[in-house]
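Peer 1: Using my numbering, you'd call the opening residue of the sequence shown number 879 and step up by one each time.
It is possible that some hints are incorrect.
[What the hints assert, rightly or not] Calculated cross-link-like contacts (lysine-lysine; reagent style PhoX-like; alpha-carbon spacing at most 25 Å): (1) LYS922 - LYS945; (2) LYS945 - LYS961; (3) LYS983 - LYS922; (4) LYS983 - LYS961; (5) LYS983 - LYS971.
Don't read these hints as lab results, they were simulated from the structure.
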Amino acid sequence: GDLGAFVFYAILVASSLATISEVIGELQRAAGATERLIEILQAKSLIQASYVTSLNAGSLAAQITVKDVCFNYPSRPNQAATKHLNLTIEQGKVLALVGPSGAGKSTLFE
């Protein structure tokens, strides 16, 4: 009985030590990956945006006018994303585009 119990507990301890060894290896790999991720997140991008992300409407010198704009995506040539769109935004005014998904709101800004 004592020998059987000893063997059982020895196997249990050995199994636990193997699991702990595996976890330590995983933690070391995770630490290395974390260091690399921090380096990537802190790196400065060499690509500079060539567009303005936002404008203050009050700083615009004139109105914005869009006349008779039609646009179809190449993947859907028979379905117009915008069709004969006319739009005028007066100086200093704010405009909200509202509509269902697929109505062309994002297309207008692209």
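Peer 1: Are the hints correct? Go through all of them and say.
Peer 2: Here is how each hint holds up against the structure:
| no. | hint | verdict |
| --- | --- | --- |
| 1 | LYS922 - LYS945 | violated (41 Å) |
| 2 | LYS945 - LYS961 | holds (11 Å) |
| 3 | LYS983 - LYS922 | violated (33 Å) |
| 4 | LYS983 - LYS961 | holds (12 Å) |
| 5 | LYS983 - LYS971 | holds (18 Å) |
Checked against the numbered hints above, the structure violates hints 1, 3; every other hint is satisfied.
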